[in-house]
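Student: The lines below spell out each chain.
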Amino acid sequence: MDNAIVATHPHTHETAIAAEHEHIVLPQHRHHFETQEQQREAATFGMWLFLLTEIMFFGGLFFAYLLYRNWYHDAFVVSSNQLSIPLGAANTAILISSGFFMALGVWAAEVKKQGLLVLFLVLTTFFGVAFLGIKAVEYHEKWEKHHIPGASFDVSQFINPEKYGLHEKPLAPDMAQKTQIFFFLYFAMTGMHAFHMILGIGLLFWLTWRAKRGEFSAGYVAPIENFGLYWHFVDIVWLFLFPLLYLINRHPGT
Amino acid sequence: MSATSYTIVNLPDQRTATLPKRNYLNNEDGLLSWLFTGDHKRIAILYLISITFFFFIGGAFAGLIRLELLTPQPDLVASDTYNKFFSMHGIVMIFLFLVPSVPATLGNFLIPIMIGAKDLAFPKVNLLSWYLYWIGGLFTLAALVLGGVDTGWTFTTPLSTHYLNTHVVTAATGVFIIGFSSIFTGLNFIVTIHRMRAPGMTWFRMPLFCWSNYAASVLMVLGTPVLAITLVLVALERLVGIGVFDPTKGGDPLLFQHLFWFYSHPAVYIMILPGMGVISEVISTFSRKRVFGYTAVAFSSVAIALFGFFVWAHHMFIMGVSNYSALVFSLLTMLVAVPSAIKIFNWAFTLQKGSITFETPMLYAFGFLGLFTIGGMTGVFLGALGMDIHLTETYFIVAHFHFVMVGGMLMAFLAGVHFWWPKMTGRMYPESLSKLAAVTTFIGFNLTFLPQFILGYLGMPRRYHAYPPEFQVLNVLSTAGATVLGVGYMLPLLYLGWSLKYGAIAGNNPWQATGLEWQIQSPPLTENFIETPIVDHEAYDYEWLAHKTAQEVTTVG
Ligand code: HEM
Ligand SMILES: [Cu+2]
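Chains A and B supply the protein sequences, listed in that same order. Numbering of the first sequence is given in the numbering used here, commencing with residue 1 and proceeding in unit increments. Numbering of the second sequence is given in the numbering used here, commencing with residue 1001 and proceeding in unit increments.
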């Protein structure tokens, strides 16, 4: 067996040549990575893992939702009828647009077009904010209808729907109580989602500022790419939330 | 590979030896250079100090608990204060000591070096984890100062959400934040091991310490978020009174149990796997042999991690899960014992015919083997449905998990700290004192926790501060043992501290071990390796080492 465990090794030299060759001399290179490529791969891999933890994080809520939805089917049907499909659908469209512009942003960074990158990031932000605006309208509506659990939640409207002008099957008082769980899960899930969007919009401002300074127009695109992954993940969570909360098993009341 | 006999050849000459002029400890000076460091080795040291601090806080509460239990009467403190004692003991020990102990200290220090990398993939995230650890720790301490928590470390609803009027939200926030610290550590390890191995460092040349930390990291990354969301739900339920876990509103406390144990069962493997990694290194080094069945031991870590996710409901046998699912979970629980047993048997085979020497780390490792085996076997009792119903919530449980976690993880942690102390500090600790400490710990441990098995079997429930007089003798024994154990823990604190200044210079490889970390200087350079190493031999290849020593091949640094 050969015994040189630690031999001199031309890696660093090679790297230098490779970098020169591709004309990438990036100030963002961190000393502990062997190559630029390794750094980029590590960042992407780290991001995917982070998203995996996010899936588990939301997973707890989805688990609770599925469990309770099975047990309290009637309450869940009635409560989901209280959500506004037009608003939810509008939001879905808005979020998809924002995801679309984000994807274009990643492309712009990769082809090194600084102006386009900034533009697309601004558009992504714009649609993100619009989404949150609509969410705020929806939350406000819930407040007015006494659908906020814990606060002034009103079950009587589900026990006597006609009195409130609702076209729903009346629920027995204990089943009517369970509507509160639906609304809690609604707020917990959409709230957690909105929280992720708020963080994302904060990051978008920061990335836009950096993009304006030209940081991502020279081949260093990992932050944009990885943020893109995050933003798409947030979109995808919504694409599960929308049918689960707004659409499934929805049917006209009695 | 046959056992190669060896003598410690390269201990430096005492009169002339000095520490290397340039190393990671003196590379930069001043407190700020530590608080803003990105060096994984410095962060490891920061963790080591912090974790030791919290360990002694948790230990103080253990002392108070045992003091109260000295007599059958509730004479030291009232019952609600007692509840706060054991809650604080549990929360601090689990979340601030056991979970981060080996990964955040030894793992942080060693994993990059062992795979031939200059640092972890994300040094800033690594530092962030340490700050999160402290922020979470401060929340936990705040909960204590403000008046305590009395939910136990499990935050069980509806107790935590409705009945107890203590600082549950503060403590839960603390644990939530610490959770992110461990998620980030795990994430960093996984990416580093996947992407930053040196040329030639294949998966199957990796030291088993890396494998076991890798498996534990997978558990951290997948399990901890579930704990985090569960705690958010508990806090919300408490603050705004929504009803996810509240039966009067249609919620179900069992949901809490499912979510909580989905994390917390795997969490026991988060706690024990890195310790098993330490044991593999120590046993191999001090018996001069490659770990028997290296591949099986490596894969058993991964198997433990995977199976760990399917057994959570064995914590819920008496909580109203159906008989059918209880049966399934009981069987699955037995299955997890298999990969653990694989490890134990393989260590035993490694020892067999090895040229064994009993340095201090090896003493702790033997302690681990004995105690963990007892802990594990009693775990099989508990996995058996009928037994569990008799023993659950008694002192049998307390004894069982202390054997596994304290006898297992803590012994492994001490083994590891002693083993790598020369590498981390460049100095040796006093040999006879350290052996004395290891033996004291072992005796103290058994005296503390063996009586608790009997107490539990006789029916003494846990979490009570008074008990029938016939249990007193055993309780007195246990408290006496705890005192001995306390001494056993204080000793290393003293002599390791002493050795920082007065210990003999250790040299690069005082144990004649094979890992990459032993081929560089002690304490290492900030950049670990000047040139990236090329690895051309298996882990624990002592023939290679003998060869290398004979030829005096120069090492890096
Ligand atoms: C001198 C050493 C120790 C003694 C005497 C001791 C004693 C105890 C006792 C008597 C309890 C049970 C309280 C009860 O359920 O009524 C307990 C619980 C516990 N101990 Fe220890 N302990 C010691 C060290 C440790 C260490 C080092 C750890 C972790 C590394 C640990 C982790 C725990 C945990 C997680 C609990 C459960 C707390 C709960 O029920 O909420 N203990 N300990
Ligand atoms: Cu378990």
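Hints are supplied without guarantee of correctness; some may be wrong.
Unchecked claim - Quick list of in silico lysine to any residue cross-link-like pairs, SDA-like style, CA-CA up to 20 Å:
1) A:142 x B:1036
2) B:1124 x B:1236
3) B:1124 x A:142
To be verified - Only part of the chain A face toward chain B is listed, based on derived beta-carbon distances under 8 Å:
4) 52
5) 59
6) 62
7) 180
8) 230
9) 233
10) 236
Don't read these hints as lab results, they were simulated from the structure. The C-beta atom is built at its ideal place from N, Cα and C for all residues, glycine as well.
Student: Is the interface hint satisfied for residue 230 of chain A? The criterion is a beta-carbon contact with chain B at less than 8 Å.
Tutor: Check failed: Cβ of residue 230 of chain A comes no nearer than 14 Å to chain B, outside 8 Å.
Student: Holds or violated: residue 1124 of chain B with residue 1236 of chain B, Cα cutoff 20 Å?
Tutor: violated (31 Å)
Student: Are the Cα positions of residue 1124 of chain B and residue 142 of chain A separated by 20 Å at most?
Tutor: Violated: residue 1124 of chain B and residue 142 of chain A sit about 42 Å apart, past 20 Å.
Student: Against chain B, is residue 62 of chain A within 8 Å by beta-carbon distance?
Tutor: Violated, because the Cβ-Cβ distance from residue 62 of chain A to chain B comes to roughly 10 Å (cut-off 8 Å).
Student: With chain B as the partner, please determine if residue 180 of chain A meets the hint condition of a C-beta pair closer than 8 Å.
Tutor: At 6 Å from the nearest chain B Cβ, residue 180 of chain A passes the 8 Å test, so the hint holds.
Student: Does residue 1036 of chain B sit within 20 Å of residue 142 of chain A, going by the straight-line distance between their CA atoms?
Tutor: The given pair, whose Cα atoms are some 46 Å apart, is violated under the 20 Å limit.
Student: Is the hint on residue 59 of chain A kept, meaning its closest Cβ partner in chain B is under 8 Å away?
Tutor: holds (7 Å)
Student: Classify the hint on residue 233 of chain A as holds or violated, based on whether any CB of chain B lies nearer than 8 Å to its CB.
Tutor: violated (13 Å)
Student: Just to be careful: measuring from the Cβ of residue 236 of chain A to every Cβ in chain B, is the smallest value less than 8 Å?
Tutor: Violated: closest Cβ of chain B sits about 16 Å from residue 236 of chain A, beyond 8 Å.
Student: Does the interface hint hold: is residue 52 of chain A within less than 8 Å of chain B, judged Cβ to Cβ?
Tutor: Constraint on residue 52 of chain A satisfied, holds at 6 Å.
Going through the hint list in order, the structure does not satisfy hints 1, 2, 3, 6, 8, 9 and 10.
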